[in-house]
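Protein chains: 4
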Amino acid sequence: MKTEPIRILVTGGTFDKEYNELTGALFFHETHVPEMLRLGRCLLEVEVRTLMMIDSLEMTGEDRRVIAEHCRSARESRIVITHGTDTMVETAIHLGREVQGKTIVLTGAMVPYKFGSSDGLFNLGSALAFVQTLPAGVYIVMNGRVFPWDQVRKNKEQGVFEPL
Amino acid sequence: MKTEPIRILVTGGTFDKEYNELTGALFFHETHVPEMLRLGRCLLEVEVRTLMMIDSLEMTGEDRRVIAEHCRSARESRIVITHGTDTMVETAIHLGREVQGKTIVLTGAMVPYKFGSSDGLFNLGSALAFVQTLPAGVYIVMNGRVFPWDQVRKNKEQGVFEPL
Amino acid sequence: MKTEPIRILVTGGTFDKEYNELTGALFFHETHVPEMLRLGRCLLEVEVRTLMMIDSLEMTGEDRRVIAEHCRSARESRIVITHGTDTMVETAIHLGREVQGKTIVLTGAMVPYKFGSSDGLFNLGSALAFVQTLPAGVYIVMNGRVFPWDQVRKNKEQGVFEPL
Amino acid sequence: MKTEPIRILVTGGTFDKEYNELTGALFFHETHVPEMLRLGRCLLEVEVRTLMMIDSLEMTGEDRRVIAEHCRSARESRIVITHGTDTMVETAIHLGREVQGKTIVLTGAMVPYKFGSSDGLFNLGSALAFVQTLPAGVYIVMNGRVFPWDQVRKNKEQGVFEPL
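Protein chains in written order, with our numbering: chain A, 625 to 788; chain F, 625 to 788; chain H, 625 to 788; chain C, 625 to 788.
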């Protein structure tokens, strides 16, 4: 089974939040995705590109156009996007309408990787597996499950994703 | 996308090794798979069954027959097996020959979960994703990659799995 | 060397901050000091009492009077107080003026214990050691160092404590 | 309170054991003490010197003479020694008889630092505090407690140190 190259687009989100010791606030510094891939002993052909480092509540329509453009122009046909969970569904819908012919998986975490997040590593492992086997389309992968972009919502009370 | 129930069969391996504070030796106590699923916020319908808790170097032909029998008799058609890496290929070959009509994924870890293993969580996430999408057959999932049972070997010098 | 009983008074601070998965905010739930003592295999005769669970920036004069009163009325003569670092010096000054005849050590952390804080455990170990050997008085223990209450300030730019 | 310079002599022990991914065995690579001091935000004037990296069960009389000689010749009068717990008492007795006029604290851990040891950091914090305040003599610091060299034994059943 030949592995195809995968592009990982980083947009920030809880995945990459850090704790500022001096102010006690959470902030973004740089992505931990390469470190997570190394600790996971990942041997896939992966190229990581940071597009933005923001809380997904701050993501604008322009940001989503940038993400869609990068999906279209990437030479890889299999793409994982790390994304905050709050507006992950909105971005998935945008990509579902705007990008054709590629397998795109959005994933994220409920707890920052630097705070001992186990769901970040688990989700990254799931996302990289699903992106290799699913047909072209846009999906959200969270909690071990995969959802097509137009059949999912975030249950904000429970912090989980569920089918529409 | 409806999720099907998944059976996880635990056989031990590095995944579940612990450190005995009194003797300084590594030993098996009980599996950490349920804790890992909880930390990964996994919401799949999963049933975990411990078959044995051994180093895979100690696994016998009889052990492999027990594993195959559990694969055949499980009501689930999608099965993940946690297994030591040293003889994971041997068990995969046995299952590849003895079990038909089910999707079976073997996975493991290079570092015990209790020692801050990141590859355990990453691999568990990958294995649970692959088992949902791959056709019937027996596979090894390690390092983010998937290998059919008859096209893989462990590179013992580097501690990674690679195609034959 | 007979060990004397030690009282630990918990007031909150970074030590005990947690991450709320649903809101992404930091909050206080309950103290991690007993868990930290257990993981540190601490065998001292210790009694832990939670007085408040607040960010030290919110600590009022009334809160400080409550702490002083608990120091005076405790049957133990050796007391460790876990406290946010932002106003630790103010509380130390208050106790230095209001409580006599007891050895009181204030300590804290720059990173929450739940976020993999190493300084919390290190500081707790230091504080419990200093409180056993120092003469009566009020001290701050941070960064491996001990400071009398009237000879210390927090360097907010660097997040460390230093002599006046 | 002026802090005096402290010498840390590293001899190995559980503190510094690591897991070899390829063989599954525990081994010594290099000391984690500097990393632990950094994570503990330790600001003491400390100089770390590795004398040996061995399991304390393998420590010989010649090794103990080397340790004693380094204690005597160190320009610092306050010394912390990281040491395996199995023969920590024997080394303490040797130093108690052979080295005069210095404050020497032996400490260790029941769980390797790399396996998420919390007692290592806790003990290192305690040891560095005790070494600053105790009079000249040789001591063992474990479990938050301090023992003079001739009044302590290891309870091997429980993995703790206790008074003679």
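Think of the hints as simulated: they come from the structure by calculation, not from any bench. Since this is a predicted model, take the numbers as computed values, not measurements. Some hints could be false.
Since the list can't tell identical chains apart, any single copy or any two copies may satisfy a pair.
Unchecked claim - Cut-off 25 Å, straight-line C-alpha distance, at most; resulting in silico cross-link-like pairs (SDA-like, lysine to any residue):
1) Lys738 to Glu693
2) Lys780 to Glu642
3) Lys726 to Arg699
4) Lys738 to Asp710
5) Lys726 to Asn644
6) Lys726 to Glu645
7) Lys738 to Leu650
8) Lys738 to Ile678
9) Lys738 to Trp773
10) Lys726 to Leu675
11) Lys780 to Ser697
12) Lys780 to Arg699
13) Lys726 to Phe651
14) Lys778 to Thr711
15) Lys726 to Thr647
16) Lys780 to Ala698
17) Lys738 to Thr627
Next item on the list: Give the relationship of Lys780 and Glu642 under a CA distance limit of 25 Å: within one copy only, between copies only, both, or neither.
Entry: both (22 Å within a copy, 19 Å between copies)
Next item on the list: Evaluate Lys780 and Arg699 at a C-alpha cut-off of 25 Å and name the case that applies: within, between, both or neither.
Entry: neither (35 Å within a copy, 34 Å between copies)
Next item on the list: First find the shortest C-alpha distance between Lys726 and Thr647 inside one copy, then the shortest across copies, and answer within, between, both or neither for a cut-off of 25 Å.
Entry: neither (42 Å within a copy, 33 Å between copies)
Note to self: Treating 25 Å as the Cα threshold, decide for Lys726 and Arg699: within, between, both or neither.
What the structure shows: within (10 Å within a copy, 35 Å between copies)
Check: Which holds for Lys738 with Ile678 at a C-alpha limit of 25 Å: within a copy, between copies, both or neither?
Finding: Close inside one copy (16 Å) and across copies (23 Å); limit 25 Å.
Checklist line | Within, between, both or neither: Lys738, Thr627 at alpha-carbon 25 Å | finding: neither (29 Å within a copy, 30 Å between copies)
Notebook entry, point to check: Quick one: Lys726 to Asn644, C-alpha cut-off 25 Å, is that within a copy, between copies, both, or neither?
Noted result: Neither: 38 Å inside a copy, 35 Å across copies.
Check: Between Lys726 and Glu645, at a C-alpha cutoff of 25 Å, which is it: within one copy, between copies, both, or neither?
Finding: Neither. Shortest intra-copy (41 Å) and inter-copy (31 Å) distances fail the 25 Å Cα cut-off.
Next item on the list: Evaluate Lys738 and Asp710 at a C-alpha cut-off of 25 Å and name the case that applies: within, between, both or neither.
Entry: Both. Shortest intra-copy (19 Å) and inter-copy (23 Å) distances satisfy the 25 Å Cα cut-off.
Notebook entry, point to check: What label fits Lys778 with Thr711 when the C-alpha limit is 25 Å: within, between, both, or neither?
Noted result: Classified as within: same-chain Cα gap 9 Å, cross-chain 39 Å, threshold 25 Å.
Check: 25 Å Cα cut-off: does Lys738 pair with Trp773 within a copy, between copies, both or neither?
Finding: neither (28 Å within a copy, 34 Å between copies)
Next item on the list: Go through the copies and call it for Lys726 and Phe651: within, between, both or neither, with a Cα cutoff of 25 Å.
Entry: neither (32 Å within a copy, 41 Å between copies)
Going through the hint list in order, the structure does not satisfy hints 1, 5, 6, 9, 11, 12, 13, 15, 16, 17.
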